[in-house]
Amino acid sequence: MVENKKLFSVGQDIGRVDGVAKVNGSAQYVDDLSYPGMWHGMTKRSEVAHGVLKAIVKGAGSGETAFDWSDIVVVTAADIPGRNTILLMEEDQPALVSVGNHIRHMDEAVALVAAPTRARALAALGALEIEVEELAAAVTPDEALKAEVKIYGDDNIFKSFLIEKGDEDIDTLLASCAHVVEGTYRTGAQEQMYIETQGMISRWDGENCHIIGSMQCPFYVQKAMRTLLDITDDALVVEQAVTGGGFGGKEEYPSMIAGHAALLAKKAGVPVKLIYERDEDIAATTKRHPSVVKHRMGFDEAGNIVAIDIDVVFDGGAYLTLTPVVLSRGVLHAAGPYRCANTRVRGRAVATNTPPHGAFRGFGAPQTTFAYERQMQKAAKALGMSQFALREKCMLVEGDTTSTSQLLKGSVGSIEVMAAVKEHDAKALDTRIDDSAGASIRRGRGLAFYFHGAGFTGSGEARLAGRATVALSASGQFEVRSSSTDIGQGVRTMFSQISATALGVEVDAIEVVVPATNKVPDSGPTVASRTTMVVGKVVHEASVALREKIEAWAADKGMQGMGLREAGAAMAREEGEVAITSQYKPPEGIEWDDETYTGSAYPCYGWAACLIDVSVDLDTAEVTIDRCVHAVDLGKAINPTIVKGQIEGGTLQSLGWALWEEVIYKGGKVQNDRMTNCIIPTFSDAPEMTTILVEEAFDFGPHGAKGVGEIPMDGPCAAVVNAVEDALGELASASSFDTLPLTPEAIGRALRSVS
Amino acid sequence: MKIEVTINGEKRQVETAGHRRLLDVLRDEFALFGTKEGCGEGECGACTVLLEGEVVNSCLIAVGQVNGKSLTTIEGMADGQTLHVIQQALIDFGGAQCGICTPGVALCAKWALEKEPNASKERLRELMSGNICRCTGYQAIVDAVVSAQEGADS
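Listed in order, the protein sequences are those of chains A and B. Per the working numbering, the very first residue in the first sequence carries number 1; after that it's consecutive. Per the working numbering, the very first residue in the second sequence carries number 756; after that it's consecutive.
Be a bit skeptical, because a hint or two may be false.
[To be verified] Subject to a maximum C-alpha distance of 30 Å in a straight line, what follows is the list of computed BS3-like cross-link-like pairs (lysine-lysine):
1) A:Lys-223 x A:Lys-150
2) A:Lys-669 x A:Lys-159
3) A:Lys-223 x A:Lys-159
4) A:Lys-294 x A:Lys-669
5) B:Lys-766 x A:Lys-427
6) A:Lys-422 x B:Lys-757
[Unchecked claim] Beyond 10 Å from chain A on every Cβ pair, some chain B residues (computed):
7) Gly-764
8) Gln-768
9) Leu-806
10) Glu-807
11) Glu-809
12) Gln-820
13) Trp-866
14) Asn-886
Treat the hints as calculated values from the structure; they're not laboratory data. Every residue gets a Cβ at the ideal spot worked out from N, C-alpha and C, and that includes glycine.
My request is simple: use the sequences and hints to build the entire structure.
Here's what the structure looks like:
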């Protein structure tokens with residue numbers, strides 16, 4: 001049995017394959033790398049939210065003698081060999097603002113410098129002067145929607161969506177409902193705050209360019225460089241360095257830094273390293289979209305949902321980036337995992353003169369999830385039902401349809417996750433009042449229930465057609481080659497397990513290659529809770545095919561009974577490398593209409609419920625999270641320890657967003673650009689967590705696995721806010737709890753406004 | 756100035772400006788890249804080292820302050836190829852994800868368990884609250900450190 005276990009590693013707690021290098025400090029992140037003669041680059045940024053760049057001047061500096069520019073390289077838009085854009089979806093965002101053109105946000109890149117040392121580069125940055133004609137700016141969606149300042153098109157709307165389900169008029173239906181629950185929910189920007197700031201190194205060898213750095217999606221960088229550098233794929237290698245966290249923040253922005261590093265290295269003629277300072281990273285790179293969600297739900301007397309009407313507005317920032325896709329996911333999740341025949345969801349993403357917002361774990365769903373789970377708490381109270389009873393009554397189960405009329409069949413873990421959490425509801429709240437220090441403590445409990453679509457939306461995975469290769473190398477080593485980057489989530493370990501299990505070998509027989517565009521096929525980006533479910537499936541299929549090929553070869557040679565490693569080694573000696581590349585084919589019956597936004601939005605969904613107990617100190621308005629129970633349906637845990645780590649990490653990011661994390665803007669400029677004032681939770685802030693893995697297999701995923709990366713970010717936020725409302729009850733109005741974050745200052749204001 | 760310092764049991768010296776950050780000198784002069792920079796202002800703890808056995812942020816220490824003293828960096832935590840019990844526990848419990856905070860977390864845990872071998876879970880969280888991790892939600896790290904603590908007891 002022990003032997004079988006070794007050969008069937010899926011479902012087991014294998015320590016991460018890159019674990020030793022990470023605990024002994026030998027893992028090499030981009031800032032740990034250097035090349036002979038390497039210089040250091042820095043970015044000159046705008047100091048207005050909107051304006052016209054008039055000139056870039058090599059100034060004299062502030063020293064006693066004029067600044068010496070002899071060992072400095074300056075790059076401006078005029079040095080760009082290709083088109084001046086960071087291409088992802090559209091070409092609206094320049095790599096560097098060119099003279100005569102518009103600056104559209106604070107901290108936008110206008111020029112680059114490189115020097116032999118960081119100190120010299122910093123001095124050059126200070127001496128480089130920019131002349132700007134400042135223009136009126138629109139820094140909030142409300143201002144931008146007036147369209148007096150034109151940022152994008154005529155109306156400043158990047159994208160709008162409308163989802164409609166049911167034939168009846170929503171307004172008429174709502175007017176006839178026994179209970180209507182209404183609210184306006186506001187969430188702020190959230191910083192990913194990966195502990196490794198962003199960075200890249202580029203070096204050129206003649207016309208060939210090499211870029212290495214911290215990133216999620218090497219092929220996104222490749223695509224952007226084709227246009228910016230006017231370079232062919234053969235002449236460019238984009239390679240991932242060990243990456244210190246991403247959470248979506250290293251999905252799109254790395255293309256900007258890669259381009260900057262490559263432009264500097266080309267002009268300087270030496271390798272150039274460009275590493276962001278923390279304040280620069282917070283001020284300039286993308287964050288979660290701020291949102292305003294207006295939500296109306298109508299119920300009948302028995303607690304059935306009759307109609308839902310939702311209006312979603314996301315602040316997209318100054319350039320399009322990934323905003324339409326984030327908004328899409330936001331509206332697709334907005335009606336929640338609840339049964340309702342009549343739904344209307346309208347969504348708009350608005351251009352403003354603020355740094356662009358972009359991908360962050362959850363990708364639009366956390367904003368709309370917060371709104372509907374606050375609504376459900378209010379509805380249960382209005383109907384006189386328990387928080388569990390209302391959700392159990394209304395939740396989607398197998399055979400129901402979503403807001404896009406997608407029929408749910410198979411892998412629906414709604415009942416199971418709710419039951420798993422409900423067991424923990426039996427424990428009574430600790431209602432003892434702790435007045436030991438004269439403090440007055442209130443305690444409360446909150447629930448949230450939610451779902452998250454796994455993989456790209458609609459026919460996205462069919463379009464992506466992600467590929468992965470499993471190879472027996474000439475030296476007899478098994479290699480998995482994909483562009484799925486390990487950014488901490490453990491993909492290298494889980495792919496080892498999936499491939500080893502399919503091949504019937506031990507995990508240590510597999511090497512998962514670190515992605516570089518010249519070594520791996522394009523498996524699609526490392527985003528959207530798709531890596532294990534989609535790319536893992538391709539790895540599984542390629543591994544099965546390779547095993548069959550080796551077995552057939554061995555049989556042909558009369559080598560039956562030999563283990564696959566030995567047979568593979570023999571085959572490699574005679575045949576050289578044997579590689580199988582598979583391509584993702586989505587499951588049958590996924591039909592999606594992009595025009596009407598109806599059909600199967602996602603191949604399957606993850607399901608989750610979270611129960612949270614809090615204490616609120618009435619004197620200091622501080623919230624302490626006493627308990628956090630989180631049940632998540634992920635189909636199959638390929639590696640339970642690793643996947644629990646994903647859930648717990650996402651949970652704390654959600655709790656942080658609810659209670660502490662706030663990016664403050666003034667005139668479009670980030671005011672708190674340091675870890676000292678842009679705070680995230682510490683060991684002391686985090687609760688002890690109970691994480692329950694529910695496995696409702698998705699037949700089309702590897703061993704039944706489906707996406708799990710994002711769902712833990714979606715709901716704990718609403719659960720903790722619902723718990724705070726439960727604790728404070730009549731001491732504050734319900735709408736006090738509809739705006740994030742619920743800092744002590746916000747709670748204090750809410751308490752004072754009633755008393 | 757000339758700095759003489761014992762790093763991971765080995766006497767080292769360097770001629771450098773005394774005001775340089777210890778973090779930079781460790782990385783740039785001694786090629787000890789396991790000490791990471793996360794914020795540069797003493798908030799995140801990624802640059803944690805032990806100075807005379809006490810936990811410090813090397814981004815806040817001028818190298819002149821360590822002259823004649825002894826330092827432990829992450830490179831000195833394992834005994835050759837044998838990982839320290841805390842390092843092994845971090846792997847076993849999933850306490851390292853992206854790994855950028857891990858060197859600092861491991862050293863801080865070592866300091867915490869040496870300082871207060873019988874610390875409760877809550878106390879361990881307090882002792883380690885100067886080290887920020889964005890990946891794990893801290894649970895796996897706490898579980899790893901408690902396991903190392905129990906291992907030390909038995």
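For each hint, the structure was consulted:
With a CA separation close to 28 Å, the supplied pair Lys-223 (chain A) and Lys-150 (chain A) stays within the 30 Å bound. At most 30 Å may separate the alpha-carbon atoms for a hinted pair to count; Lys-669 (chain A) and Lys-159 (chain A) meet this at roughly 24 Å. Taken as a hint, the Lys-223 (chain A) and Lys-159 (chain A) pair is honoured in the structure, with Cα atoms around 23 Å apart against an allowance of 30 Å. As the CA atoms of Lys-294 (chain A) and Lys-669 (chain A) are separated by approximately 27 Å, the hinted pair is consistent with the 30 Å bound.
Among the hinted pairs, Lys-766 (chain B) with Lys-427 (chain A) is inconsistent with the structure: their alpha-carbon atoms are about 58 Å apart, more than 30 Å. Proposed proximity of Lys-422 (chain A) and Lys-757 (chain B) is contradicted: the alpha carbons are some 65 Å apart, above 30 Å. The claim that Gly-764 (chain B) is not at the interface with chain A holds, since no C-beta of that chain comes within 10 Å of its own (minimum 16 Å). Look at Gln-768 (chain B): its CB is around 22 Å from the nearest CB on chain A, clear of 10 Å, so calling it non-interface holds up.
Against chain A, the non-interface label of Leu-806 (chain B) holds: every CB pair exceeds 10 Å, the least being about 17 Å. At roughly 20 Å from the closest C-beta of chain A, the C-beta of Glu-807 (chain B) stays outside 10 Å, upholding its exclusion from the interface. Every beta carbon of chain A lies more than 10 Å from that of Glu-809 (chain B), the smallest distance being close to 19 Å; the non-interface claim holds. The claim that Gln-820 (chain B) is not at the interface with chain A holds, since no C-beta of that chain comes within 10 Å of its own (minimum 21 Å).
Every Cβ of chain A is farther than 10 Å from the Cβ of Trp-866 (chain B); the closest lies at roughly 14 Å, confirming the non-interface assignment. For Asn-886 (chain B), the requirement that its beta carbon stay farther than 10 Å from each beta carbon of chain A is not met, with the minimum near 7 Å.
Going down the numbered hints, you'll see the structure goes against 5, 6 and 14, while the others check out.
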